Amino acid sequence: MAATHVQASGMGGMRTAGDLVGRMQVSRGMKIKEAKEYVAHKLKVSVSDLADPVVMNEVRADLDIGMLSTPFFPGSAIGIEAKFRIAELLGIEINCVNKFKYRIGRKLRT
Amino acid sequence: MQKIYTRMGDGSVTELSESELKQDLEEGTRDAAERGKIPPLSRDELSYLFDVYSSPAKFVGVDHGNEVILSYDNPTIKLRRRGLLLHRIQSLQIFEKALGADTLEFGDVDYSFKLVKIPITYAQSEAEQALLVTTVPLLYGSMPNLGLYTRPDGPCPNPMELLPQGKIAEARAAQEEMIEYAVNDMVYVSSKLYESGVDGIDFDTTAAGGDTDFLATLRAVEILKKKYPQMCIEMGMSGEFILGMHGELTYDGVRLAGLYPHKQLELAEKAGVTIFGPCINTDTDKSCAWNIARAATFTKACVQNSHIPIHANMGMGVGGVPVVAEPPVDAVSRASKAMVEVTRLDGL
Numbered sequence: 160m161a162a163t164h165v166q167a168s169g170m171g172g173m174r175t176a177g178d179l180v181g182r183m184q185v186s187r188g189m190k191i192k193e194a195k196e197y198v199a200h201k202l203k204v205s206v207s208d209l210a211d212p213v214v215m216n217e218v219r220a221d222l223d224i225g226m227l228s229t230p231f232f233p234g235s236a237i238g239i240e241a242k243f244r245i246a247e248l249l250g251i252e253i254n255c256v257n258k259f260k261y262r263i264g265r266k267l268r269t
Numbered sequence: 110m111q112k113i114y115t116r117m118g119d120g121s122v123t124e125l126s127e128s129e130l131k132q133d134l135e136e137g138t139r140d141a142a143e144r145g146k147i148p149p150l151s152r153d154e155l156s157y158l159f160d161v162y163s164s165p166a167k168f169v170g171v172d173h174g175n176e177v178i179l180s181y182d183n184p185t186i187k188l189r190r191r192g193l194l195l196h197r198i199q200s201l202q203i204f205e206k207a208l209g210a211d212t213l214e215f216g217d218v219d220y221s222f223k224l225v226k227i228p229i230t231y232a233q234s235e236a237e238q239a240l241l242v243t244t245v246p247l248l249y250g251s252m253p254n255l256g257l258y259t260r261p262d263g264p265c266p267n268p269m270e271l272l273p274q275g276k277i278a279e280a281r282a283a284q285e286e287m288i289e290y291a292v293n294d295m296v297y298v299s300s301k302l303y304e305s306g307v308d309g310i311d312f313d314t315t316a317a318g319g320d321t322d323f324l325a326t327l328r329a330v331e332i333l334k335k336k337y338p339q340m341c342i343e344m345g346m347s348g349e350f351i352l353g354m355h356g357e358l359t360y361d362g363v364r365l366a367g368l369y370p371h372k373q374l375e376l377a378e379k380a381g382v383t384i385f386g387p388c389i390n391t392d393t394d395k396s397c398a399w400n401i402a403r404a405a406t407f408t409k410a411c412v413q414n415s416h417i418p419i420h421a422n423m424g425m426g427v428g429g430v431p432v433v434a435e436p437p438v439d440a441v442s443r444a445s446k447a448m449v450e451v452t453r454l455d456g457l
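Protein chains in written order, with our numbering: chain A, 160 to 269; chain B, 110 to 457.
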């Protein structure tokens, strides 16, 4: 059923900019129109491009913010690394990114 | 005249004439409008629904540009119940990489806050690992499930045993005691998972235990938002109407029993909820068209009353989706498109 909703009305997640628009709802509580406009502005694309997998595949590769088919893009950002870049790109705080920064900044006890 | 192929709320196939379909749509929206004291759908909206539900296409979708964000309730269990032997991190990766999920939710098989409390470190550890390998926003989800706080499963007297004995005051006192335990557990578990790095918490199936359950969740949300102002909190409701299991409980001066979604939303916003999920029950004796007209009427009132994103519950048995284990794509895709394009909501 989830797959049906994705095809019928979903943005498409990482195939497109669905995760980025979702981030703006999660982190700032933005309504869908405002969230799409915010992300389109940050990515320098049109709002209609956000749900287009052809356009967004190129944009995601250029910005290195996480790809679906990583074997086509060896060396590209995966998982937490992509989220570091997304936080910077969208100008938002991502909880696990902040935790990661804190943890790697800790000093070893001597 | 050619009959229109459609389905009933239990998923079974039925055929309607054009006039019967129009009548179902009109009666569905009227039922919601009368119950919720909200405006019915307009002529144009009913005409649009008629086009969607009379289309012979097996699958329909929203127009370009109308796509919305999808959030989930425990996708980690959805693949396991099909018998797929997957770790829940693998399930999340499948939803992210293969099923086009915009957001994810991490949950336990025992999908209730009380039950997660003891093995919480396992959930934390796996959430931490999941966050390293996934990119889309990840919430942790669980149910308030106040029934677990009653005897013999929990510490409180059981109101369902007290009420038939006429012990109204004792039943109410027991429910007030249940609230305290539930709030503590919800805050404890949510804090642990947020400290592990998840983007937020999904209080799924809120108010399944009526006004008691709703009040406990609102209080937990309030505490968590003060503690972690950046935390995303999604509140997914369990049904369209708050049952008055206690009957006298209030939040911010508003009596909880009897509230419909657009009024539930107001209190959720006051408590600090980030995303609200109205849940409109499907009537199995009515057609899918009747059900979607009704569900869209309630949800539209919610959207128009909201300052936060609205993600309607559209799983099996709610939001115009039939009550059946394997909902047919013709019914689900119609409900999906209709809900998004009539209500202009923010997600499902």
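Treat the hints with care, since some could be wrong.
Stated by the list, open to error - Straight-line Cα separation of at most 30 Å, BS3-like style, residue types lysine-lysine; simulated pairs:
| hint | chain 1 | residue 1 | chain 2 | residue 2 |
| --- | --- | --- | --- | --- |
| 1 | B | K276 | A | K190 |
| 2 | B | K226 | A | K192 |
| 3 | B | K112 | A | K192 |
| 4 | B | K336 | A | K258 |
| 5 | A | K201 | B | K206 |
| 6 | A | K201 | B | K372 |
| 7 | B | K336 | A | K260 |
| 8 | B | K112 | A | K190 |
| 9 | B | K372 | A | K190 |
| 10 | B | K146 | A | K190 |
| 11 | A | K192 | B | K395 |
| 12 | A | K258 | B | K301 |
Simulated from the structure, these hints should not be mistaken for lab results. Computed from a predicted structure; not experimentally measured.
- Within 30 Å, alpha carbon to alpha carbon, are K336(B) and K260(A)? Status holds; Cα separation ~21 Å.
| query | Regarding the pair K336(B) and K258(A), is the alpha-carbon distance no greater than 30 Å? | reply | holds (16 Å)
Next on the checklist: So if I understand the rule, the pair passes when the alpha-carbon distance is 30 Å or less; does K258(A) with K301(B) pass?
Outcome noted: Status holds; Cα separation ~13 Å.
Measure nothing beyond the straight line between the CA atoms of K201(A) and K206(B); if it is 30 Å or shorter, mark the hint as holding. holds (23 Å)
Notebook entry, point to check: Is the hinted pair K192(A) and K395(B) satisfied, with a Cα-Cα distance of at most 30 Å?
Noted result: violated (34 Å)
Practice prompt. Take the C-alpha atoms of K112(B) and K192(A), compute the straight-line distance between them, and say whether it is at most 30 Å.
Written response: violated (38 Å)
_What's the verdict on K146(B) and K190(A), does the C-alpha distance respect the 30 Å limit or exceed it?_
Judged against 30 Å, a Cα distance of about 25 Å means the pair holds.
Regarding the pair K276(B) and K190(A), is the alpha-carbon distance no greater than 30 Å?
-> At roughly 46 Å apart (the allowed maximum being 30 Å), K190(A) and K276(B) break the hint.
CA of K112(B) to CA of K190(A), is that 30 Å or under? Measuring from Cα to Cα gives roughly 40 Å; hence the hint is violated.
Hint check: K372(B) vs K190(A), CA-CA at most 30 Å. Holds or violated? Answer holds: K372(B) to K190(A) is near 19 Å, not above 30 Å.
- Under the criterion that the straight-line Cα-Cα distance not exceed 30 Å, is the pair K226(B), K192(A) satisfied? The given pair, whose Cα atoms are some 38 Å apart, is violated under the 30 Å limit.
Run the distance test for K201(A) versus K372(B): straight-line Cα separation, threshold 30 Å. Violated. K201(A) to K372(B) sits at ~35 Å, over the 30 Å cutoff.
Consistency note: the structure conflicts with the earlier hints numbered 1, 2, 3, 6, 8, 11.
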